[in-house]
Structures are given as structure tokens and as C-alpha cells.
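*Asks:* Residue-level listing of the chains:
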Amino acid sequence: MQQDLEVERVTKRYGIQTAVDALSLSVAHGSFFSILGPSGCGKTTLLRIVAGFLVPDDGDVWIGGRSMRGVAPNRRPVNMVFQHLALFPMMTVGENVGYGLARRGAARAEIAGRVDAMLKRVGLPGAQDKRVDQLSGGQRQRVAIARSLVLEPALLLLDEPLGALDLKLREHMKIELKQLQADFGTTFVYITHDQSEALVLSDHVAVMNAGRFEQVGTPQELYYQPRTPFVAGFVGANNRVAGRAVRIDGDGVELATADGLAVRARMSGTIAAGDAVEAFVRPEVVHLAREAAELPSLAQRFSGRVESLLFDGANSAVLVREERTHAEIRIALPQTGRFADLEVREKVAFGFEPQRAVCFRAGSHGS
Amino acid sequence: MKPFRIALIAGLVAIGAASAYAQDNKLRIITWADYVPADVIAQFKKETGIEVELTLSNNEEMISKLRATGGAGFDLAQPSQDRITGPQQEFGIYKPMDTSKIKTELFIPSMLDATKKNTTLNGQVYGLPHIWGTDGLVVNTKLAKMADYPDLCKAEYKGKTSVRLKRPTLLAFAFASGKDPFALYNDPKAYAALMDDVGKTLTACKGNIKFFWDNKDQLLNGARTGEIVGAMMWDTGGWKLNSENPEIQYIAPKSGALGWIDTFALPAKGRNDAAAYAWINFNMRPEVAAKVAASAGNFTASKGADQLMDAKLKAQFAKSFPEEALKNVKWYPAVPPGIEDIEGKVLDRVKAAG
Amino acid sequence: MAAETAVGIAAPRARLALLLLLAPALVWLVGLIVLPHLELAVLSLRARVAPRVYELSLGQYRTFIDEPLYWHTFVRTAGISILATVCTLLIAFPAAWYIAKLARGRARSVLFVLCLIPFWVSETVRTLGWMILLRESGVLPRVLVDLGITPAPIEMLYHDATILAGLVYTSLLFMVVPLVSALESLDDSLIEAAYDLGGTGWSILRQIVVPHAAPGIAAGSIVVFMLTLGNYLTPTLLGGKNSLWFTEQIYTQFITRFNWEQGAAFGFLLLVLSTAIVWLGLKLTGQHFGDVMRRS
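Residue numbers (the numbering used here), protein chains in the order written: chain A, 12 to 378; chain B, 5 to 358; chain C, 388 to 683.
For the record, the hints were derived by calculation from the structure and aren't laboratory data. Just so you know, even glycine gets a beta-carbon here, dropped at the ideal spot from N, CA and C. There are no misleading hints in this set.
Partial list, computed: chain B residues near chain C (C-beta under 10 Å):
hint, residue
1, Asn63
2, Ile67
3, Gly163
4, Lys210
5, Ile213
6, Asp218
7, Gly226
8, Glu344
9, Arg353
10, Ala356
Just a few of them, taken from the derived set where beta-carbon distance is under 8 Å, the chain A residues facing chain C:
hint, residue
11, Ala62
12, Met91
13, Phe93
14, Tyr110
15, Arg114
16, Arg158
Turn these sequences into a full structure, and let the hints steer you where they fit.
*Replies:* In C-alpha cells:
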């Protein structure tokens, strides 16, 4: 398959700090690719290098098979949707969308026609003469994307465009973005610090940390088979248990925390007995019961008391303290309503399959 | 509220202090530069205990300032004798002199009489003579040969001459054209026609003029550096330059130097007439007058002062004014109202001419 | 209820306090601006018929129209002022751009101070400094001779270009400050977005930067134009025999001609005509006075 974007060992340093550290990546034609990472991880720098606003210290960027070395942003077949959208307030919606076409020297009638068609496609027919400040947040978003897509770029870069929206609108816009991308078939490279955005939207996600990629994969791979403790901790909610490996058994590891809690988990990477390790258990993997007897036949069981109830509809969870070590663990509540009357301080039993928890050597990184 | 009250009190205190200060025995004089040297002020203070406060100015500004206040703000002014009755008629900015308070024996009688006559309005005298001098040509004899005002407009001195854009220049060029403007003072129509002609002459000459000088030092500097080789100026400046560089000379033009007399006059709302009279009498004492004359570089109306004058100045005067030239000095008669309007328009036109 | 009553009692006192706070400004405004202008208006409408006898007349205004000299002077003054404003804008814009967008931290304050330094000496001293530099026997003509560029010292004073240079120099700060604040508020991403969409430096300047900075540009231009038009010292001293500045004409009428009536009429004409020019400028560039003043 043709690669729309290839980044080859790109490095960018600011003084002694390396913002992007010999990164390589490739994005297939027509895919939705996200770069997910906390703020300061270098994702914006990477995006700006691709857009051409920054020149890498080392490495090269290829777009549509063409090296972008020495090509200015206004000559790259790439367009960008900015964090605050950067719509031109001095222009109407139509002028905003037609700006790039006018810069290319397209005829007036052609611009009008294409702007009209583009606004229809993004669901804003006839909005040409509106002022930017008359639009809602979602409408602006669509104008910003329309403004870029009307130029039919090989690649659309999006710099956390949903960041400024409120939650409800953000949820809505996620879906809309995904539909737009599917509709246009343009390759999207999307950067965000919001793992839910990345998971919902993307075909592939690169998890970035400290200038490097921890793991690149589909959302499912990242969620179910994280390859580094960072990915396991960053993608989705997770319970983290740190301790030392006390016993290795095939691909199983038994670890003990400083407080003496013993946990078994599946090994990721190589671990030797005595190594400092971190294990991750997702809240939905942990089973909860009022009586230990009610738990299915699980390899490891614990008992504890409810610390607090975190009601959030379908995402409701409960925080439980393990009886003996007072370790805190988050457990997702099943949707059956079986635990609707659960109370704080109530005694509960819980447990999980060791195979569904994952254990890494502490501090291990991806490729 | 508090800061406001403090400001209010501060303001009241300041006003109080200012009025207390004003009640001091003080003489406020508006005059020309160099007419009141510091040692004369000190001597006056020692003798009378009166403090002198100086404001330096020129004829037009003196009149304007006094007009703005209706004649207040100063206790003594020194306008030229021809500029007293006109503004007095228009604006009423002076009060009559009480000649009984003046030691008239200190004045050169002919000059006193001439000034009194020229500054009398409705039978009352408004001015007494103090310092007199002339307007003529300052010429750098090494760089230029000039004998009369129109020589300033000779092509070879292009961009190297200067005049003031004021009425003496118009009058000088009128005399140089062979007319007598003073004789036309009471015939505004003929006077306007004459001034139009002079205006044309000056406009044609404008290319020759480097700048219209306005303050004395501007011209003196230009003459010192050689940027200016000839200018119409009053005698003192010429003699001052001559002392520094003998090649620069003050000459009485062929058509006649213009003679002026600066006076003592009392502003209408002066508060300290007694001090003003004391100052006049003090100033006319030969030894004081000689000091003032030396500072101003001009001669005074004080009888006997010229015997005490600097020999060099006397020599310079003698050189600039041979018998013939002295007789040919045109003394300014009083300017009737309306004349300056005519001149003003002509001056504006000269200024505007490209 | 209780709170409401408290407010009800406090209101007159608050109003009094506000009045007292505003009092100095009001006194200043009425005493030093409104009253003198009223007096000027009255003065300008009378004509002298005989010593100390005046009558109501439009003669002073008629003189302005009938005597080409006066309105030529005004047109010239306004023309050079507009030119000076344009030059100031052209010079100030890159400087303001640098200060607002490129300079950081210390460099920024240093640059601002550099713009301010000329104002630490009085206008007179500054102008005399220019005269020392530019006069025929001055520094610059001598340097030109020493460098062999001119065979003899040339007079650099008393030209329109000299007046222009002096005026631009004096006005620079008043243009830089509103421009910097206007440019600072321009989101960098707008420029990047335009660049990203294919814009070039020139088109971005014209379509994004200038429209955004327009209120600042207008504010700076109004201030500079008014200051320049009302300047007296710089054009008079640097322009010499050809200066012909309208304020000089007003000064001449008041001080050397004792013709307060004419001077007052000229003063009023200056006020009205300059207001008209500013209004026209705002109209032509599609700006609103309120917006512009908020920016400055």
C-alpha cells in the first residue's frame, strides 16, 4: 500500500532538550493516524516538522513519495487544522474556505463553485456570507476542515482541534470527524493528549512519550496488548501495581508489593526473578462479589472494603481497599445493576485471571 | 477621600505661598537680551533692596504678552519707541509716565524730547528713551562686497545671506528703492502699493537668503562659520562679530541705516511703579548706563555715559558711521495702527513664495 | 432586603466620590479646552473696525478663502503631515512587528526603551540636535565631504525632506506603541494557517496582518497626523525660510501681527479641517472611531 507520509529518523533538539528523538513513522494512504501523548512529549513539534514550520536537525520527511527537504509550508501538499482553528476573523466563511484556492490563482467562478460544494459536504450549505464569529464551535470546526480539504491535500494534519470544545460537543465532533475522514478518504494525522479521542477515531495510534514512540498499533492492540508500562498506564484506565518479581512460571510472573500484596500476571518482555516490575490490571477485568463464594473460580482472590463509589453511568466504578495491605484498586461495576445498592465501608470480595493482567520490567520502553 | 483633601490643602498652600512671594519688593521687567547685566541687578538690589526678575523678549512678544493679560504680569517693559502709541491705542496695555518721578537731567535732552514726542498719546507720555542703535548690514569683507541692502540679492551670494522676515527689512528695502516709506505712513493705500513692490523685490531675492533669522545667535553662528557672508542686522551684533573677526564689519548702507530707540514703558497693570521709576533713574546714571551699554553693545540715552564707554566700541561706531552716514540714519516714527496689517500680508507672501 | 438598603444609602456617597474623582479631569477639560475654544470661536467671528471697536463678521474666514497663501499653507501642511504619517507607518511597522512577534523578554523591553529615549530630551533640544547634525557646517555634511561623496559641504537643513525626517523621528513612538499592541493580539497561528494554505509573505501581510492591525494602524496614524499637523517647533526650525507650517501661521497672527481674530479663525479652521481629514481617512479605510480609540 502507498504510504502518504513517511518520517525517517527525524530529530529536533532545543538546546540540550531533545523534543523529537530519531523518530520514524509511516502512514498509509487514506488512514486516520493519531499521535497520542501527554503535553510536552514532542507530538506538536513532530507535527510542525511535517507541516514544514520547523526544520528537523536530522532525518527527512516524505509526503506522497516526495522528500520535503527545503520545501516551504505553503508549497507542501499538506494542510493543517490548528488547535484554535485559526479561522480568519477578518473574512467571511466563504472567503476562509476559498482562501487557499485564491492563493493558487483559481478563477473567481471556480472558487465560488468549489467553496459552495465543500460547504455542502461539511453540512454548512449557504454559509458563505456568514461571519466567523456567528458560527458555533462545531460549525467553526467544520469550516476549518473544509478550508483545508478544499485544497485536496495528500495529508491533513490536525493539532488537537477538539481541545477547546466542551465535553458534549467534543463527543459529537469525534464522530463527525471520523465520518468526514471516511467520506473524503483523505489521510488524517491527528495529534491529541486525549486517549479516548485517539482510540475512537484512529485506524492506527502512535503513543508518544519524551520524544519517542512507545508503541504504534491499532487501538485494540494498544488497549489489550500494551508493550510498555507507559502505554498500559496511558491508554485507558488501569490499576498499577509495583513490586518485585518473586517467581517466574512460564509466561506468568508473581510479584510482591512492598506491603506484601502478592499478584500474578502475564509477563510482557523478559523478566527475571528479583527484578523491579509493574503490573497493570484493567478495572473491567476485575470481578466483584459480596461474598467470596460468588466469585467465579478465579486463580487469585482478595477481600476488601469499599472506599468510594464512582458513579458515572455506564462507566461507573468502585474504589476498593484490599483488607490486609490497604492497596487501592479500581473495579468497573457491571451494567446489571447487581451492585446498585453497594455502600461505602461494605465488605466485598474481588479477583481476576492472571492472564488478563500484564506485567513489565519497571521502566522498560518501546522500540 | 484622604488624598483628595491632601491635594486640596497642598493647592491652597501653594497659592498662599505664591501670593506671599508676589508681595515681596520685586521688579518684573520684560526686555531684550543683554539689556540688564547681572552685576547691574546685584548693584540695584544692594542699593534699594529690590529684587529684579527678568523676562527676555522682543517687540512683538512684549506687545502680545501684555495684550494677553491686559498689561499685567510685568512692572516695566522696553518696547521700541515707534511701537508704543499704536498698540496703546489698540489694546491699552501701558500707563502714562509720571515724568515728575524721573530725573530728566540724566537724559540726553534731544533724545528725551524726540522720544516723548513720539510716544505721546492724548497728551500723555508713555515712553522714555533708554538704548538706541541702528539696523544696517553685516558683511564679511573677505567673502563679499556690499554697500546697500539690495547687494544681499546679488547672484554671487546665492544661499549665503540673511535678513529678518520682519518690518525693518521691508522698510530698509523700501528706502533702498529710493522711496520714503515713513512719509507714506498716513496714506495706507500708497503705503500698501509700496510694500507690494518691496514684497516682490524680496520674493525675487528669496533664493539668495539662506534663512530668515529670528534669534540673534542663529545669525551670529552663521556669520562665524562663513555660511552667511552678508546680512541685515542691528549694529551690536555686527560689532560683536567684528571684535571676533575684523573681516566682518558692520556698515551703514548707502540708503541709510534704520535708527531705533528702545524705551522704558510702564505696563497698564504693573504693581510696582515705584520700583520701576527707581530702576529708570538708577539705569540712567552714567556709570550704570555705561555698564549696560557695554553689555548691550549699544549707546544709551544717558547723558555723559558715552564718555565712559569702551574705546573699542566708540572706534567701531566711528568706523561704521562717518559724518555722512550718521546724518543719513532714518529714525523710526511712531507706527500708526493698520500699517502692520499691510506689512504682515506682504511678509506672509514672501514667506510663502517658493 | 438589608443588603439592598445598604446599597441604597451608599449610592449617593459613591456618586459624590466618583464626582470628586472626576473633578480634576472635568476642571481640566472645561477650563483648559472647552472655555478657551469658546473664546476662540467668539474671537474668530469679529473684525476690527477701529481701535478697540469690533463688530461681528465672517471676514476672518473669508480671508482664509480669498487669500490663496493661507489655504495653500494649510494644504501644504496637511499634505506633508499625511506624507509624514505614511512614512512613520512604513518605518514603524517592521519595528513594531519585530517587537511584538520576534523579540523576547529583555530584548523587547530594550527595544521599547530605545523608542522612548528620544523623548527623554525636550523637543527643542532634539530639534537643535538635528540642526547641528545637518547644517552646512555641521557634522553630516562634513562627513560626506570627508568620505568624498560630495565635493563641498551641502546644506541639508531647510528642505521639505528635512522637515519630514524630523517629523517622522518625533512621531515614531506614537505609531510603534499602538502597532505593537495591535500586532501582539494577532494569533500567530493565523499567519501560520495562511502560510499553510498557500499564502505568501506579501499576501499574508495584506490579507491577514493589515486587516487585523487596522484599528491599531488607524489609531497610530490619527495620533501621528494630529501631532504632526499641530507641530510648531520642528517644521519651523528645520524648515527655515520655506517651512510654511499652518501652526506657524497661527502663531504669527497671534504674536507678531497682534491679529488675534485672524489667528483664532485659523485655529478653528485647523481644528475643523483636521477633524474632517481624519474622518475621511476613517471612512476610506472602513474603520470606526470607537474601535480605533479603544486600540490606542
